[in-house]
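Colleague: Next come the chains, spelled out residue by residue.
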Amino acid sequence: MNDLIRVVDSPAEISTAVTGVRECAAANEITPNIILDVFEAWGAALGEPETADIPGVPFLRLWLRRNTLEPIVIRELGRGALYGDWMEEGRARLKAYPVGVVGHWPAGNVEIQPVLSMTCALLGGNASVARIPSRLSEQTQRIMGKLVQVDGNRLLTERVFMPIFDHDRRDLHEAMAKAADGAMIWGGEEAVLRVRTLSFPHWARLAVFGPRISVAAMDAGSWSSSGERELWCRRIAREVWQFDQQACSSPQAIFLEKKQGYFAAEFVQALRIAFESENRLHPRRAIQPALTSAICQARASWLMDNVANQAVFPTGPDWTILLGHGSDIPRPTQGKTLSVLEADDLIKVIERLDGNVQTLGLAIADAERERELASLAAKRGVSRIVKLGHMHVFFPPWDGVDLIRPMVRMVRHVCQTD
Amino acid sequence: MSELVERIDQLLARPPYATPPAEHLAILLELLKEELEQLWCRDGGLRNYVRHWPVDLRSATRLADLPYLPVAVLKAQPPLSLVKASEIKRTLTSSATTSQLPSRIVLDAATARRMTKGVAAIAQNFLGSFRRPYLVVDTPDSARSGLEMGARGAAIQGLRPFATEVTYCLGPDGKGDIVLDRDLLIRFARAHADCPVLIYGFTYILWKYLVQPLVATNTSLDMPSVHILHSGGWKRLQDEAVNKETFNTGLARIFNCSTDHVLDFYGMVENVGVIYPDCVEGNKHVPTFAEIIVRDPLTLEPVTEGERGIIQVCSVLPTSFPGHLLLTDDLGELVAYDGCGCGRRGTCVRFVGRVPKSELRGCGNIELRRRVAA
Chain A
7 MNDLIRVVDS
17 PAEISTAVTG
27 VRECAAANEI
37 TPNIILDVFE
47 AWGAALGEPE
57 TADIPGVPFL
67 RLWLRRNTLE
77 PIVIRELGRG
87 ALYGDWMEEG
97 RARLKAYPVG
107 VVGHWPAGNV
117 EIQPVLSMTC
127 ALLGGNASVA
137 RIPSRLSEQT
147 QRIMGKLVQV
157 DGNRLLTERV
167 FMPIFDHDRR
177 DLHEAMAKAA
187 DGAMIWGGEE
197 AVLRVRTLSF
207 PHWARLAVFG
217 PRISVAAMDA
227 GSWSSSGERE
237 LWCRRIAREV
247 WQFDQQACSS
257 PQAIFLEKKQ
267 GYFAAEFVQA
277 LRIAFESENR
287 LHPRRAIQPA
297 LTSAICQARA
307 SWLMDNVANQ
317 AVFPTGPDWT
327 ILLGHGSDIP
337 RPTQGKTLSV
347 LEADDLIKVI
357 ERLDGNVQTL
367 GLAIADAERE
377 RELASLAAKR
387 GVSRIVKLGH
397 MHVFFPPWDG
407 VDLIRPMVRM
417 VRHVCQTD
Chain B
6 MSELVERIDQ
16 LLARPPYATP
26 PAEHLAILLE
36 LLKEELEQLW
46 CRDGGLRNYV
56 RHWPVDLRSA
66 TRLADLPYLP
76 VAVLKAQPPL
86 SLVKASEIKR
96 TLTSSATTSQ
106 LPSRIVLDAA
116 TARRMTKGVA
126 AIAQNFLGSF
136 RRPYLVVDTP
146 DSARSGLEMG
156 ARGAAIQGLR
166 PFATEVTYCL
176 GPDGKGDIVL
186 DRDLLIRFAR
196 AHADCPVLIY
206 GFTYILWKYL
216 VQPLVATNTS
226 LDMPSVHILH
236 SGGWKRLQDE
246 AVNKETFNTG
256 LARIFNCSTD
266 HVLDFYGMVE
276 NVGVIYPDCV
286 EGNKHVPTFA
296 EIIVRDPLTL
306 EPVTEGERGI
316 IQVCSVLPTS
326 FPGHLLLTDD
336 LGELVAYDGC
346 GCGRRGTCVR
356 FVGRVPKSEL
366 RGCGNIELRR
376 RVAA
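Residue numbers (this note's numbering), protein chains in the order written: chain A, 7 to 424; chain B, 6 to 379.
Hints in this document: simulated from the structure, not taken from any laboratory. This list has only true hints and no planted wrong ones.
Label pairs and their computed distance ranges (CB to CB):
id, chain 1, residue 1, chain 2, residue 2, range
1, B, Gln105, A, Ser16, 34 to 42 angstroms
2, B, Lys94, A, Ala226, 46 to 54 angstroms
3, B, Gln43, A, Arg244, 41 to 49 angstroms
4, A, Ser21, B, Gly346, 51 to 59 angstroms
Cross-link-like lysine to aspartate or glutamate pairs, in silico, EDC-like; alpha carbons within 16 angstroms at most:
id, chain 1, residue 1, chain 2, residue 2
5, A, Lys152, A, Glu56
6, A, Lys101, A, Asp91
7, B, Lys122, B, Asp14
8, B, Lys80, A, Asp311
9, B, Lys362, A, Asp174
10, B, Lys362, A, Glu195
11, A, Lys101, A, Glu35
12, B, Lys362, A, Glu196
13, B, Lys249, B, Glu286
14, A, Lys393, A, Glu376
15, B, Lys213, B, Asp182
16, A, Lys152, A, Asp9
A short list of chain B residues far from chain A (calculated; beta carbon distances all over 10 angstroms):
id, residue
17, Arg63
18, Ala114
19, Asn130
20, Phe193
21, Thr208
Virtual Cβ for every residue (Gly too), placed ideally from N, Cα, C.
Could you put the whole structure together from the sequences, leaning on the hints where they help?
Modeller: Below is the structure:
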């Protein structure tokens, strides 16, 4: 375990460890089918008390199940890839080979992200070197402890290295980048831009996920129905609470299409109850003072900039609902600060979206209208259009990119003879 | 309104650090509630903010329950004002070294008068009431009277009531920077060697333009009776690895005075009329017409003694802008709600630093992309 995840302080430590995992991966070809067996056992072990309470672990356990991952492997790499077979394609045959060592730069705000990112590269047969932000080291150690526990033959753990170091150690980032044949980069703008400037080899493949934001939209038939309102509000609260609204898939704003005789303020009252309930279940344990300041600032400027604006919030920074009108996405605050905007026509809202928006969560009663809105959103740059309540469901393509395929080489062999 | 103003003036006339805390907080609560009701209702945005505040203003029983504004709202352009444009006599601007945009504070005649009185009452408590020669470690331009005045100018002007004469010892160097006028300084030191003198400068300016040049030439001035006040934050000095002890020792050596005579005061343009000098225990005290609440960032509730949090400043002095209850961008430690060894009553705090910039904003942070697009 100490070899797999540990604090590093010099580029040499990283180089030595990378050489080790590279050699292991090159010497021992491993099929996705075998990996899925280990993942299945790992997922089961994560249900034990030491790890079950880590944020995101319930999702990780679902992710690691064969039922989840096998279809993804088949869709991205082809059916034969599961057993490491060549796949026939006319006179040619195709097979997925790993790119080599994949470096992972996960965002610091999602506890399970280092592991999620790593699983994608492992399924492609790669070795993985995942930089663990100091803030996530304790949780990641517990999660990886379960992999060590189930992977008795070290099929996977021998090809994984997780150095723990601070984000400002440029020399260590450089050492990781120089040794990588591929990189999966997640996070906010500053983090992504910093990683992209590292000295990767010219052949290295970079897959960047984020930074983007997400929004939701509801037609009048959905939000005005008193019978369904509470259910929708509970779903929205869960979307906002996960990852403290800092994930690229977290809704920052929700647009409600206007309907004669129905008032968004009533919807906001139902949302308030759902937020209060979610806050009781999952209270915040810590906060950065800067986020508290930003939340206070968002409340004040929202109410002072336009006297028609409304807001609901408790005395603490726990959550905030800002109610107003319009078709533009307000500046995101994060920290469970949700803008609820009444709009005359959702088409007008979606027409104003752009490539900044990753996910559009929809609650649309009319299926034909939903397809129309989805097509328009896709055209405007949105990468995921899902039912409101499923905005965080991690399933490829993510950000418009497959999760396994970018880190494999699809080798084509054109047969000389029949 | 006139009754309200009269009550503010009565509070301002009290000794600044003698009111028992319970009485102090009760007076402040009632006055601030009335100010918010009477003054904030003049602005639609402020009215809307108070209306949505989770605690009803009239039923609030604690100072901490009243609606406070994040200090950044005072960066609004045009500045937030509670008086007619014709009544504005001066606009103060903050230094904005870290936040880029300065706050803009409008003063009418009454607020400006209370600002002067407030600073004078506090400074008098620390320095004594007599007038003395006043050496300003800055250029005359920085305190030039005009419609707009920066934080440095406001601080310099705030101490003028203690001056028999004012001398500025910095001037332009002709290359866009400023430089110490050594001859003038030495003449001033010789003329006032044996009498009490008041010196003021921004912390960084004192270090860079007075201490460093004099240390470099091994110059010292024999002025044991000086009191040196400085303000303006430590960020730039921290960047140069200069801490408070080094700073105080450096100044004390230059003037051949005790380090006790070097007084750091925390103050912000937005908190007009209130400065917070260090007492002999190293704490910052709040005068009767103001209060500091240190709020836990997790709950925004006031912290208990010994805990740290975000500083909120409260003041009854402004009537021309909504500077009554401001959540600052500074972190502080609540030392005690009463009972400081220096004898001053009420809340005492220590300044810890600026609220650090958020580091982890996750993959949902698209700030730069939006900025570039804009």
